[in-house]
Amino acid sequence: MAPGPEAGARAPADAPRDGAGARAALDRSSARAALDALRIERAVLERFDRWGVRTLGDVARLPRADVRARLGLAGLRIHQAACGEDATVLVPADAPRVFLERAELEWPIEGLEPLSFVLARLCDGLSTALERADRGAIAVTTTLRLVTRQVHVRTLHLPAPMRDARVLRTLVGLDLESHPPAAGIDVVEVEAEVAPGRITQGSLLEHSLPTPEDLATLVARLGALMGESRVGAPALVDTHDERAFAMAPFRATPPEAGSRTPGASVSVMPESPSPGASCLRRFRLPLATRVVVDRGTPVRVVPSSRGVPGGAVVACAGPWRSSGHWWTFDRSAWDRDEWDVEVSEGAVIRLSRHRATGQWAIEGILD
Amino acid sequence: MSPPFFSDPDMYLELHTASAFSFLDGASLPATLIERAADLGYPAIALLDRDGLYGAPQFYRAAKAAGLKAIVGAELTIGPPDDPRASSSGGRAPSSGSRTPSADRRPPSSFSPPSAQRPAPALWTLPVLVQNAEGYRQLCRVITRAKLRSPKGECRLTLADLEGQAGGLVALVGREALRAERHGVGGLVDQLVGTFGRTNVWVELQRHLRRDEQGDLQALVDLASAFRVPVMASNGVRFASPEARPLYDVLTSIRLKTTLARAGRRLAVNAERYLKPPEVMARMFSDLPQALAGTEALAERLEFTLANLGYRFPDYPVPAGETQASFLRRLTQVGARDRYRPYHDRARAQIRRELDLIEKLDLAGYFLIVWDLVNFCRQQGILVQGRGSAANSAVCYALGITAVDPVGMELLFERFLSEERGEWPDIDLDLPSGDRRERVIQYVYERYGTLGAAMTANVISYRGRSAAREVGKVLALDTEEIDRLARLMSQFEFVDPEETIGRNLRESGLDPDDPRYAQFARLWREIQDLPRHLGQHSGGMVVCQGRLDEVVPLENASMPGRVVVQWDKDDCADLGIVKVDLLGLGMMAALEDALSIINTNDAGPKVDLAHLPPDDPAVYRMLQEADTVGVFQVESRAQMATLPRLRPEHFYDLVVEVAIIRPGPIVGNMVHPYLRRRRGQEPVTYPHPRLEPVLKRTLGVPLFQEQLLRMAMVVADFSGGEAEELRRAMGFKRSVRRMQQIETKLRAGMARNGITPEAADQIVQSITSFALYGFPESHAASFALIVYASAYLKAHYPAAFYTALLNNQPMGFYHPATLVKDAQRRGVRFAPVDVQVSGWDCAVQDDGAIRLGLRCVRGLREEAGRRIEAAPPGDVRAPSAERRAPPVNSPVPGAQRPVPTRFTSMDDLVARARLRQDEVRLLAEVGALVSLGGDRRSALWQAERAGRPAGPLLHEIGDQRRRSAVGARLSGATSHDEPTGAEHDDPRAPTADGRAPERAPSSQAPNAEDRAPERSPLPPMSLLERVKADYDGTGLTIGPHPMALVRASLAPMGVARAADLRRIRTGRRVRVAGAVITRQRPGTAKGFVFLSLEDETGISNIIVNPDTFAAFKRTIVDEPYLIVEGVLQDQTGAISIKADRVDALRYGGPEADSHDFH
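Protein chains in written order, with the numbering used here: chain A, 1 to 367; chain B, 368 to 1525.
So that you can see chain B by itself, here it is in the shape it has in the complex (with noise of 0.2 Å):
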């Protein structure tokens, strides 16, 4: 038996506390309520968060660090019986006319609490506590069936609900339940009491020093001796302190939906519902104190907390006489024999090694429903590949999970598993995102059912662009207060020391001194990180044997068909519940979709992803010379400068490449340390030669996690368990405390060891370093694999490769704009969207080219684009003039022969594909509908009336006018009414793409009559028109690069193209110009800013240093077109620009997409 908690009269425990996890309605995090019970010296406490568990993770994790007994409990919704939202699940309501089976024992007098005159509320909570085990899994399978029959953010139950339902569940009546009072409070009571069990409903008093609240709180007494069940004291504490009301009326503004100004008693009343000091309660319950002793006693017979939730793995079903086990080392084994040809002693000692360990821990459960997952993808012929630590494990490179091998590599399995860490392993899975992704999460729902498995909760907190805005509405301040405030709080991703609230405020135009914007900063950094509602994690899953809806609540996510957990991932392995990550990454889509475009257009051998020629020289010389747009994680601009200075030789090359710039190795200057060593500057040397063998790799300069895990194990003696627990506590950003602790150990460690002072604070500088980035060589050993892959695609197979990009946008790092452009440097041809033979994707036509696909055309809809793909194809007609004469740039020489149409006209057309209106409009703008004859704007004109479909005595007349246009046409005659075509169609007039006129001439349709379009009295679109109505309507343009139709203008200014710098010498002043394709300000720069500008001959990398950057920076900012003019750095063939001056080109041309990282 547990002792008494109250074993000093002044002590108190709190039962009734609900956090910032109650969503709006509490003002403080978990941690901060328990850093603030532990002051005040509570043993215990109870989070009860509405309708959920959200916070109990954290609530529990930041007790145990503390000290003391974390509760678990839940403020529940209850509605009326008669609601049709609560009641979906048949529960009875109860009848006034029948008797409970507690009515015999009803006060006689009819009971009346003062309020009663009040009306009925729709909706009150009831506060419940968890007693036992039995009583958690009742409230978890509670609340997962009110929000599951719930719309998302909402959840109702009945009391009927509970019925049968509430063992080892704590019942608390309260002022809550007084203005339930449907049939009377007296009646609500009794039906608790039937339903929570006499002893298992407690009267709960709360005194918040409110005038209202003696009459109540009179009631409730009475109220606890009729029913003889005892009373017990709490607070309903809200936030931590009074200093936390504001941030608590601010919540509640937000949660109604209305100002501060307007919410008016809806606020609190006072700031009295925060954690109190026993002794304030004591004082508080003088007259009562039967009532705190009551709270004493519940508290004692809470017994449940988190540490033991009762969740156990799935099995995985193994063919008779087999274990988990001896299944999982049969197909390791097997496996292995494939993967390691020959299958080397390193090899087999060890996969037995983590074997052995494996079934020592029991986890060979866990690899087998991992490899079902690969196994389930291979079948369908969806492309997987692990990632993150499991790359370090040589069984799942048996199993097929992952594609590294981890022996060759000398990768460090216990940054994967160790035995001291006791807990699951993580195995993230890349997956290809979209509809692939999607049916292997359906199929883990199949498999385990939709109460077994789950996603992971997301939570969603408030940061700075959205905290503003709320804070900014529920102030009342101005809409273009807000807007201002909103881009002040977080307009690039690095912070400048100097930039004070009162600069940003002046640099604003916003007055400094006024207090409405003090005050707005204050609420504005109290709400930072609060919750603000539950999403879904990207792809992790978590699966249970039995019930997972007994283990963690479940929910509606946003997306139809997937159910979350409440809680997030880092709650799930922090209370051992297995994940699986199943990521959707969009490179696996592409590589995936350009495999298939090769392996069925191309008559050559198969391209195989596993079987990728190592070490191709093409692939490194384009690595080298940073060629990289659209390859996998090195096409940033930061890893294209890069690239041309580590020169990339071999793969493991590319693993260090992807690795180094991360945060870790940037904040920790090893950069430039390990390129420098790497071209010969610098001599290679050790922190301390105890750590040749782990640093030999990256020439002395850690650079992955793992390293941090073997210095800690070299240099202070830690086992691969402590040393993993050391880089979890770097990384673990929430306790200052663990960290600092972790740092004595490894200090003395070192210290043991002979290790000077000096050498021991370059050690800890390396580790503290990746703190919060470091990347693992596993993982960036993963991500290198799908590197070559996609640079192999792109330097051997380009056509497909960026088909297959422009097909899985948005994704990677540039606009398809800026791929089209790079791959026409590449001299690769495209062939523009048209009607007649586009399909809803980019294609690669038989004669090498791209077509560009419907799905490029903004606003139109799927559907109706798939309808225009899947239009048979009706009569061959000759190709149209577009195709007779292809683009400039982009010959498409096999575009010759004739070509079966699918639609005869644009009636045709709208009437077969149902399209709207405005989608003809947008296909004719864009070009599409060229094929049905004319030009761009001749489509324009006819597709304005195609969207009106006339009667069919009207489309008779219509038919006939066409019919004599077109006889008129022929015969050389002008209409009357209309301008002669001559006028407007200049056969000398390039088109966007540089080819001819895009007219099709009529007499070449096999059925003229019916194709012939209405004569167009609008002029034809001029070049500079077609390139912007093609980024207008497609986000692209095949044509020219719109800085080439300037060009002739910027020369005599002497402005440099791009392709010109590489023959300009460093330290030159030089003048550049462009389309802002992405605009990064880093947090590890310094407030240095990065520009790149494309122009027709490529990219150009522009460097604006602080100064620079505020003295033009609402131009770079806001413009869509710089020139820019500076000094010319070349670094190794990286090469900048250092910009001193920033304008503005302003010449009317498109309004180009750019990446713009804030």
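One chain only, chain A, in its complex shape (with noise of 0.2 Å):
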């Protein structure tokens, strides 16, 4: 049974209405409580104080109707809590349904795949009930007690609420994979944090996107692959760091009106590059290289990596230089200068130079 707001006063319950009786009936330590016990409003609780009025039993005293003339409501309230009355009807609330499967297991599991047959009961369970009380799960807490006494807890985000066992299943063994324990498992939990079950209309007019459920999985798998870090969609950064690159969480969004392109929070090339215009393709980590220079202006690159083209300078366009992110005292900070030169071995990369130590390094090729 959930308490009264003003139950915290603790004042006599049987006070009477009106102030003159209220003092007859109070008991004395009640009536002095300050009236922090309240936890009244900073603004009225300034007002009390100007009215010299400091304790319960000073705001017993007033006369009620004097009192809501002057505070209102929330006046009333008070004087109500201060004379022990509490007219909050109460209301039975039912306790949080919790959507838990758990299983002990006789002997420990080592490995993945044994652990996936009892997920897949577990998710099964899960899953029943969930359908039952027409929920669907938006996060997937997995619990192993390990035979160490240690406790490896996961937690799954998913894009939108699901009660599929079988995607469920999939989406906690592979996220299992990526994050194993670190040793046998006792005891397994899998906890459903739920939002009511997903609803959707097809439109025969539009593609259709993959489902949520189709979209985690294979995200998820991508992640296992590749590590979660390295999956998602490139967003765009605000620097002049060309070097500067962010993921977002890939999200499939409706495409808009006007757009091919699923994804809009995926940039793309525009469709038809203007003539003439380049492409750079960028080595993610930019490739030491060394350059014999003349005059300031780089003359021949020595690559140090196999199969990157180099050679003499045939033509050269630079420098360019940029700089910024003096403040931070991470590796952000840069300050170098770039050309884009044609070398002898037909290519044109695009080459920079870190002004402060003097190293080179190949960009990417321009194609």
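These are calculated hints, taken from the structure and not from any lab test. No residue lacks a Cβ here, since even glycine has one placed at the ideal position from N, Cα and C. There's no promise every hint is true.
[What the hints assert, rightly or not] Restraint ranges, calculated between C-beta atoms of paired labels, are given here:
(1) Glu1229/B - Ala65/A: 50 to 56 Å
(2) Gln895/B - Ala182/A: 55 to 61 Å
(3) Gly296/A - Ile827/B: 54 to 60 Å
(4) Ile827/B - Leu73/A: 56 to 62 Å
(5) Leu73/A - Arg1283/B: 20 to 26 Å
(6) Gln895/B - His354/A: 46 to 52 Å
(7) Gln895/B - Leu73/A: 51 to 57 Å
(8) Phe329/A - Arg1481/B: 54 to 60 Å
(9) Arg595/B - Asp294/A: 36 to 42 Å
(10) Ala1415/B - Ala65/A: 56 to 62 Å
[To be verified] Lysine to any residue pairs mimicking SDA-like chemistry, simulated, CA-CA at most 25 Å apart:
(11) Lys840/B - Gly296/A
(12) Lys643/B - Asp238/A
(13) Lys624/B - Asp238/A
(14) Lys643/B - Phe329/A
(15) Lys840/B - Thr297/A
(16) Lys624/B - Phe329/A
(17) Lys624/B - Thr297/A
Relying on the hints, combine the two individually framed chains into one complex.
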């Protein structure tokens, strides 16, 4: 049963309504209790202070009608609380339902394959419970108690409410594949955080997107394969640093009118590059190289990696200079010159030179 | 014809430079840019600040000193033609369908620069350079027009605004123009060619090593070729050297109101926009030599500099048959006969000499215009007095501009005006602050026109705390860190040499090893003194014959009806623009008000400031006892500590007193020698016998600037003008070189006169002490007059004096609470704020007591207060209990008779004065409603309902209830649900001011049914509560001092009262306690902190040495009440306590305000 909001006042419940009577009935210690006990707004407390009213007894002594006339309904409630009255109707409240499946194993499981059978059983139960309650899981927390008495906990946030047992099992399994427990498992618990079930209406006129379940499974599979931090959609970064790169979680969103590209957050190249424009294939990590310089201009490039074009410089444009993030103390600050050079091996490459150290690198190849 | 700049092929000059006066769009001061340009060997350099010529005077001054030519220009913000803020002048938007005059010369192909797909920006900048004087006038006018129609801080033009206004200006078309491209850049250039003329449009090429600039550069070259306009090279400079780029990024982030991390591509792409060496520019433009040649060719055409602004001071209209000089002579002679009685020969000779010089320098008009202003003040009954060096002039004295007789005081005229200086004299007028000064300012606008007069600007620069906050924000430091760093950067004026950033960081709980703080400190140092925005000088006005907006751009000030020039007063003075300072002085307003009160109320002879009895013994007695709270200039703690030692006896002593407590004499160690010599404890000696006549009046110790001048004249044979030049060089902090040059000259002169090196050192030391803070004797004399006048009124008319002070707050050194307590100690009686009686201002009643005005109630709107004041009195009633039993220490015997009442009830008050509920509450809490019946809490109880209007039906019910309640009370019955009055009203409870309870018996009200307040169930306020309510609501109390309430508990602790200290021997340990009313840590006191503690008997002065301060820093800075233990020092009547222990005194007393000089 939920307690009434004024229960904290602890004033005698039988205090009469009017101030004169209240004085007689109030318990002495309660009457002297400070007003803080009522958790009153600061502004109202300050007003009481200006009135010289500092205890519950002081409030109870005031005529209720006058208090209401000055402080409104809030004043009325405070007065009632000060008199120990609680007019709040009691409403029974259901305990929040927990969607939890648990299995205590007779002997420890080593490895993920035997665990998948256990997970399948638990996810089936969870799925049934979710269906009965017309709920979908938006997050699944898997708790593994290990033989070492450690607890391995993984929480998986789902892109949409879902309750398909197979999908849940796959996602939990893939997540554990990426983050396996360190020892054998004694107890397995799978708990779902839920939201109302998802109702979708398909369209005859638009391409249907992959279901969130399919997409989540795909992303989870890719994450398990590549590493979680290496899966996502490229994000635009507001910087002059051309090396800067950032990824955002991939989200499938309906295509906007006029756009044929699914995934609005994905930046795309223009449909047809303007004539003469070239594309840069950037090395994710620039390749260190040796460059021979004559009067400040590169004349020969000697790459340190095989398969990278080099040779004498046939044509050269630059330098283009950029610098920034000078206020940071991580390694994001940069200050470099860049050249676009055509080398004798027939390629056009982008070179960079770190201005503080003088080190050269090949940033990418221009097609 | 001037020689070509580029006689050397590697020579280069920069024609597009912005300084920090582009306000957050430039990172170097003009002087820094010039210094760098001089180092690089530039022959000339152009400053183009954003929408103004803010930095031009400093740039010109620095360039002149460095031997460079300073070219003038500006970057104009251009908006789209349909921008309502830009087109209010009726600018014509070019129509795409119509052909412009040069449309037939447009390139045939559609011109599409590489960046054509980008959306057109709303605003872009057009750099323009001034070619000749006509161009300068046009530029000033154009900027003024745009500024005056825009809100403060903004400026928008359209190209249409420039049509017909571009003569003598050269426009540069660069990448910014490409960004504009509203009708295609070809059309834009075509329009510019039409507006400026083909020979006055140049295509500007810049190379900043940006990948995206090459295409634009090629487009611009093609554009120049297509439109047959020349190209020129520049670097679009934003800072002097690459090292300033981080600061530029910081300023950019501040301008964009973001952090460095979030600013992204809005920050500079690299650090290339600096003043580059000529060889670098030559290399960068090796493929475009015509661009560098174009720069040279253009620079040769730009002949205008600020050397000749074309400024002319207005002519004063004189009667027919008179010239300005003859009219001035006539006025002066008439005035002199009135001033000098008799008009003796010395005065005649001095006036003749001055008039001759004024006529020779053609300054008669200036004196007439100032005289006209003074005359206006007299006609309007506004008190006015000239101050500053003008008081050295007998002509000013004769014209009534100043009140000090320079002949009688032997003041040095050359300090005011000299032939050698060749500059305008400086006359400052002190006026009563507030409305009266505003009337004078508006008179100047009326007389010379909105475009003929303006206020001088005040450039607000980044300083300690503001700089710390801004830098902290852009570095994205936590709010708490920023607060700590801001506090750290300027806690007090004094900077301890050991106060390293590391130590300060540690003390503030910040990790000194955190590199972010080192970076913060570096940027904080770099941003110091960079201009932040333009403010308005407190009183400097410039006027012009004709249009001032052709001399300097004008713009709106924040204050409505005010226009400011873009230059500060020093810039105006340097460029020969005449300035008159109309300074608001709170004490002038107070004196004027006090005289008005005295002459209105007093039946005796009228008091006239010009004819106060000289050398009044009561005044000097009061000054000798340092009883000077509220007295002009000599009320500060340091002045009060000096007065008993100096013991002024004559007017000249006051002149010395005003001048002696200044950084100049203090830093120069001249205070103590003077005081010792005055008391005969040290022989009077002179650095050199030749200086005896100069220093005799100040006992061999130089105290005034005039003495500095005379010293130079005597020992080094300087002329009056040279001596003034010396003073200015010494006070001119921006030129160390200039100071050294003149010191060399001074030493050489002294050596010629056989002065030994030791004596010469002493003399130079005396002179350099005045470098920045010296005080002119004439100025001190002008101030001393006000000191004497204010002291006279305090001594003889204290009620009027304190009333005037209270009505002119904020002013002076002390808060009103201290003024009231000081007045009470002098026997002045006070009556509380009362809605039935009080006006908006405080007033002296017929009985001599001061009735506090409604202005004292903090939070009460003036219009509401004025409505209360204006409410017509209703019926007459007997005085309330409050009046029947006046305050114990402030009896108000005259208040016994019946008084007319304004309001019959609180509802009546609320309805007629249209008060808000919070205002009624405020009035109730400070006791201003007591006269409506009941005590403060009763009034408060009623006030809580007063702001909630009931409908007519409920109102009637309310009336019935009130009537029945009153009836019941009168018949002795007790209401069923209300407590008895006896329970709450303790008749013995004293009031805040020691008077009887504040409840007015309702039976005394003539119309009890209307007046009877609702019975209050609230307990009446205790004495402490009332005192606190007084402080909270009015900042003062006329009741007991808060310290009196805890005196009983302090006595057993051996805490002495301030008044007891006089009876304690020097050297004894004492303990005092009080409310902190001032905290000072002056820069001249080597880390010592001075506190003033006030208790119910007076003020005690505490001196805290640096170690003690370090030990008790937080207590001293944060606590409102202190207990201080230390050793008593009595230096010839100046009593202080040298603290060695400081504790907080916490007893729940009111939070009194203190003046902290951080």
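Verification of the supplied hints:
1. Glu1229/B - Ala65/A: 50 to 56 Å: At 36 Å between Cβs, range violated.
2. Gln895/B - Ala182/A: 55 to 61 Å: holds, 57 Å
3. Gly296/A - Ile827/B: 54 to 60 Å: violated, 44 Å
4. Ile827/B - Leu73/A: 56 to 62 Å: violated, 49 Å
5. Leu73/A - Arg1283/B: 20 to 26 Å: holds, 22 Å
6. Gln895/B - His354/A: 46 to 52 Å: violated, 33 Å
7. Gln895/B - Leu73/A: 51 to 57 Å: Given about 56 Å between the Cβ atoms, the range holds.
8. Phe329/A - Arg1481/B: 54 to 60 Å: Since Phe329/A and Arg1481/B have Cβ atoms about 32 Å apart, the given range 54 to 60 Å is violated.
9. Arg595/B - Asp294/A: 36 to 42 Å: Check passed, 39 Å falls within 36 to 42 Å.
10. Ala1415/B - Ala65/A: 56 to 62 Å: violated, 42 Å
11. Lys840/B - Gly296/A: Distance ~40 Å between Lys840/B and Gly296/A Cα, so the pair is violated.
12. Lys643/B - Asp238/A: violated, 29 Å
13. Lys624/B - Asp238/A: Holds. Lys624/B to Asp238/A sits at ~16 Å (cutoff 25 Å).
14. Lys643/B - Phe329/A: Roughly 29 Å separates the two Cα atoms, so the pair is violated.
15. Lys840/B - Thr297/A: Roughly 41 Å separates the two Cα atoms, so the pair is violated.
16. Lys624/B - Phe329/A: holds, 23 Å
17. Lys624/B - Thr297/A: violated, 40 Å
The structure fails to meet hints 1, 3, 4, 6, 8, 10, 11, 12, 14, 15, 17 from the earlier list, while all remaining hints are met.
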